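Undergrad: Take the sequence shown: its position 73, counting from 1, is numbered 73 in UniProt numbering, and each next residue is one higher.
For the record, the hints were derived by calculation from the structure and aren't laboratory data.
A hint or two may mislead.
Now the in silico label distances, taken between C-beta atoms and shown as ranges [to be verified]:
id	residue 1	residue 2	range
1	Arg154	Arg92	53 to 61 angstroms
2	Leu147	Asn34	57 to 65 angstroms
3	Trp123	Arg154	40 to 48 angstroms
4	Ser13	Asp36	51 to 59 angstroms
5	Ser31	Asn90	30 to 38 angstroms
6	Ser81	Tyr35	16 to 24 angstroms
7	Ser131	Arg30	21 to 29 angstroms
Under the rule of at most 20 angstroms between Cα atoms (straight-line distance), these lysine to any residue pairs were calculated in the SDA-like manner [as the list claims (entries may be wrong)]:
id	residue 1	residue 2
8	Lys17	Pro27
9	Lys89	Arg108
10	Lys89	Val12
11	Lys17	Ser118
12	Lys17	Val86
13	Lys17	Arg108
14	Lys89	Leu119
15	Lys17	Asn116
16	Lys17	Met37
17	Lys17	Tyr5
Bear in mind the structure is a predicted one, so any value in this text is a computation, not a measurement.
Glycine residues also receive a C-beta, built at the ideal position from the N, C-alpha and C atoms.
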Amino acid sequence: LPPPYNLQEVQVSIINKSRCSYLFQQPYYRSNINYDMICAGSEDGDADSCKRTDSALPASPGAPHAPPSALLTHTAFQGDSGGPLVCEKNGRWIQIGIVSWGVGCGRRNRPGVYTNVSLYFNWIQLLTARSTPRPGPSRWLLPLALLWTPFLLRMACAHLSP
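Please construct the entire structure, taking both the sequences and the accompanying hints into account.
TA: So this is what it looks like as structure tokens:
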């Protein structure tokens, strides 16, 4: 797996959907924020799920039609998609989103966009209820392995002796 090898986390703030939609309608970065999306991060770009602070990896250039200012580099780690957006409530952590997409990493006025898990809760429950647990190893597997071990050791030793 590519770095980082340590679990990464960042504290982000939820951004009002109307504000987020406004930010993503600005020139050079037009994208729609749909009903099933949550925006989180910071408008100044300091907090983003893709940011790393332990190394300086240059970001790839911005979108194809990005202005020259979008070509500035940040310390970034792409590959965060699928990660959780969680909130603590009454001492319990609740997943509210899944990292989905963003424009670059930690860019001013470009918060991260997450899938709103609550809108898919019933579908997730349906799929997980249908899934069957994988069978564990057979109860006979260990006894058979123990019975065969002496035979296998004799065979291996027979091939080693001159």
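Undergrad: Confirm or reject each hint.
TA: Do the hints match the structure? See the list:
no.	hint	in the structure
1	Arg154 / Arg92: 53 to 61 angstroms	56 angstroms, holds
2	Leu147 / Asn34: 57 to 65 angstroms	60 angstroms, holds
3	Trp123 / Arg154: 40 to 48 angstroms	56 angstroms, violated
4	Ser13 / Asp36: 51 to 59 angstroms	20 angstroms, violated
5	Ser31 / Asn90: 30 to 38 angstroms	35 angstroms, holds
6	Ser81 / Tyr35: 16 to 24 angstroms	20 angstroms, holds
7	Ser131 / Arg30: 21 to 29 angstroms	39 angstroms, violated
8	Lys17 / Pro27	18 angstroms, holds
9	Lys89 / Arg108	29 angstroms, violated
10	Lys89 / Val12	16 angstroms, holds
11	Lys17 / Ser118	15 angstroms, holds
12	Lys17 / Val86	18 angstroms, holds
13	Lys17 / Arg108	17 angstroms, holds
14	Lys89 / Leu119	19 angstroms, holds
15	Lys17 / Asn116	12 angstroms, holds
16	Lys17 / Met37	8 angstroms, holds
17	Lys17 / Tyr5	33 angstroms, violated
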